[in-house]
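The chain contents come next:
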Amino acid sequence: MEFFNLKVFRYDPTKDSQPYYKTYRLPVEKGMTVLAALFKAKEEQDPSISFRYNCRAAICGSCAMRINGHATLACKVQVTHLLDKYQTDTIVVEPVGNIKPLKDLIYDMDWVVDKLKRIKPWFIPKEAPPADGKEYRQDPFDHQKIDYASDCILCNSCMSDCNALKANKDFLGPMVISKAYRFVADSRDGAKKERLEEVLKEFNLEWCVRCMECTTRCPKEVQPYENIIRTRIIAAEEGFKSPGEIHAEIFEKDIYNRGLLNEMLLPMRQEGLLGAAKRAPFGIRMFFKGKVNIADFFGGHKVKRHEEVQKIMDKARQMKDKVKIKIIPDVQTVYEDKRKSKKLKEQKA
Amino acid sequence: MLRYAFYTGCSAKGVAPELYESTKLVAEKLGMELIELEAATCCGAGAVQEKDEFMSLVINARNLALAEELGLDMLTICNTCTLMLREAKFKLDKNPEVREAVNEVLKETGLEYKGTIEVTHFLWEVIDAVGLDKLKSMVVRPLKEFNIAPFYGCHIIRPPYLIGYEDPDNPKSIEMLIEALGGNPVDHEARLACCGFHSFWSAEDKVTLRLTAMDTQAAKKQRADFMVTPCPLCHTQLDAMQPEAEEKIGVNIGMPVLHLPQLIGLAIGLKPKELGLHKHVISTKSIIEKVA
Chain A
167 MEFFNLKVFR
177 YDPTKDSQPY
187 YKTYRLPVEK
197 GMTVLAALFK
207 AKEEQDPSIS
217 FRYNCRAAIC
227 GSCAMRINGH
237 ATLACKVQVT
247 HLLDKYQTDT
257 IVVEPVGNIK
267 PLKDLIYDMD
277 WVVDKLKRIK
287 PWFIPKEAPP
297 ADGKEYRQDP
307 FDHQKIDYAS
317 DCILCNSCMS
327 DCNALKANKD
337 FLGPMVISKA
347 YRFVADSRDG
357 AKKERLEEVL
367 KEFNLEWCVR
377 CMECTTRCPK
387 EVQPYENIIR
397 TRIIAAEEGF
407 KSPGEIHAEI
417 FEKDIYNRGL
427 LNEMLLPMRQ
437 EGLLGAAKRA
447 PFGIRMFFKG
457 KVNIADFFGG
467 HKVKRHEEVQ
477 KIMDKARQMK
487 DKVKIKIIPD
497 VQTVYEDKRK
507 SKKLKEQKA
Chain B
183 MLRYAFYTGC
193 SAKGVAPELY
203 ESTKLVAEKL
213 GMELIELEAA
223 TCCGAGAVQE
233 KDEFMSLVIN
243 ARNLALAEEL
253 GLDMLTICNT
263 CTLMLREAKF
273 KLDKNPEVRE
283 AVNEVLKETG
293 LEYKGTIEVT
303 HFLWEVIDAV
313 GLDKLKSMVV
323 RPLKEFNIAP
333 FYGCHIIRPP
343 YLIGYEDPDN
353 PKSIEMLIEA
363 LGGNPVDHEA
373 RLACCGFHSF
383 WSAEDKVTLR
393 LTAMDTQAAK
403 KQRADFMVTP
413 CPLCHTQLDA
423 MQPEAEEKIG
433 VNIGMPVLHL
443 PQLIGLAIGL
453 KPKELGLHKH
463 VISTKSIIEK
473 VA
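One line per chain: the protein sequences are A and B, in this order.
Counting with the numbering used here, you get residues 167 to 515 for the letters of the first sequence.
Counting with the numbering used here, you get residues 183 to 474 for the letters of the second sequence.
There's no promise every hint is true.
Unchecked claim - Think about it this way: if two alpha-carbon atoms lie no more than 25 Å apart in a straight line, the pair counts; the simulated DSS-like pairs of lysine-lysine are:
id	chain 1	residue 1	chain 2	residue 2
1	A	481	B	296
2	B	467	A	444
3	B	467	A	455
4	B	430	A	455
5	A	477	B	289
6	A	335	B	467
7	A	468	B	206
8	B	455	B	467
9	B	289	A	488
10	A	477	B	467
11	B	289	A	468
12	B	354	A	173
13	A	208	A	196
Don't read these hints as lab results, they were simulated from the structure.
Since the model is a prediction, treat every value here as computed from it, not as a measurement.
Model the full assembly from the supplied sequences, consistent with the hints where possible.
Shown next as structure tokens:
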């Protein structure tokens, strides 16, 4: 392919009532990034295209945008890779999602900064600096808890594609909660409770839908989704009771008592009798569709070898505090191509 | 004969019995022998994982060890089970100290996690192990008059470091399968979206039902006859909760949603009733009438 189409989201609120797309035909050049393509279009065809950029080395996060529907850094992805990946001759470039566009690919960063301010994204030491005048020190195990979270460059790729934010703009979002985790989990931080209270306000920690989109989009392997879950674990350890905590207790009890979750009794246990009454139309509907196992109302069946489950769960509780689970970097496997690995396995056999 | 240790998960034994039945029927027709892990427990579904990471690893190491006892790869029919089991495997395989601690617990029952099997999903095995050519040859009732909207569900594509089967930005497996069955895959903006299931108890009004409405409406906008998903949790959300989602936005959607094995079953000549199409909340009458 000698040429490709760069289809760019255009919007100037001083002139346009609605956003529109404008397409630029550009030569395919080996190694050309989408950011380089935008520069080429701007310099040679249309100087009015507006976009943010800075380092051009995937460090500053300024050039985050949606490319063919997914948020990423424009300076990190190459045109030839995208054309091959999507089997297309067109690359669609839009501003990051979920945040108001200001002009073309530039979006409203203030909206995010206001959310960030709520969790106080700076170090608040719990004690005075060491008397020897050196920096605050930390055990290596404690440090690795925040190591990857500290790599966040505030690019908003995760906020852009967050499914929960898509439905509810009041949600703090993965970048903000992940940033809160970076301090909440810091053994030297003195504002843990304060930060937790902020992310727990109005169910913010609970609105995450566990879709893993944020972790998938993150260009720096920060693991925002995992950091949200880690924050939930810390909140539970600190004694905060949330619907998620109640939900987790129900799961754990059911696995202990029968091996499987009892979905029939879940609403009543989660929300009490009134909550269960609210679910009555759903329950009746499910009953008439043959999706209700009456035995489940009386506890239901147990999995085989169930006594083993109780034995290991008891033992796991005893050992829990002795086991140090390190965070493993996600290494950003693009995809391993299982089909290919299967063939290799067969060849070896 | 392809043999698997069959991990059913909670939903197929609870709110989605038609998935369990249709999977068994279809698998048998496709030459897949499913040996059910009757001693396996719930995977924790992300809930136990957020309360007690070590406990969730112990529970799933036991599940994986049960498949290892059989010497067979573990086949799942739920996206979240797939992810939770693969996540546990990843952590156990990459962290020898934790694996040792987990095995110390499992020793109480004579089990050991060795890391010798893979966790796979029904969708992947139909494509890779059965093969699309064989599947095509088995089609007796091509689904050519249907526009079918794929709905992947998050945990079968994300995150790539745990799932890694295909490109999470542009997966093709369900489309490939629909085409092999003679149907027309519909491209719609929610095909890779989230159904909202996992925040149901805390964000039902503000997130979950809104996502369910958006997803089903996106399929409807592209004139899909029905949606298909490889995940029973997505199915419960998109099908059984669709009336609540409709109420939430005040619009009638009425989008039927099929489980993946039901889709295959219809094309290879199984009857809608034996596949449990009558068990869906959103009527599948229009589909049943066409395939009759």
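Against the structure, the hints:
1. A:481 x B:296: holds (19 Å)
2. B:467 x A:444: violated (29 Å)
3. B:467 x A:455: Distance of about 14 Å is within 25 Å: holds.
4. B:430 x A:455: Given that 25 Å is the threshold and the Cα spacing comes to 22 Å, the pair holds.
5. A:477 x B:289: With Cα atoms ~10 Å apart, residue 477 (chain A) and residue 289 (chain B) stay inside 25 Å; holds.
6. A:335 x B:467: violated (38 Å)
7. A:468 x B:206: holds (21 Å)
8. B:455 x B:467: holds (11 Å)
9. B:289 x A:488: The given pair, whose Cα atoms are some 17 Å apart, holds under the 25 Å limit.
10. A:477 x B:467: Violated, because 48 Å separates the two Cα atoms, which is more than 25 Å.
11. B:289 x A:468: Measuring from Cα to Cα gives roughly 22 Å; hence the hint holds.
12. B:354 x A:173: OK: residue 354 (chain B) and residue 173 (chain A) at ~23 Å, within 25 Å.
13. A:208 x A:196: holds (19 Å)
Violated hints, listed in ascending order, are 2, 6, 10; each of the other numbered hints is respected by the structure.
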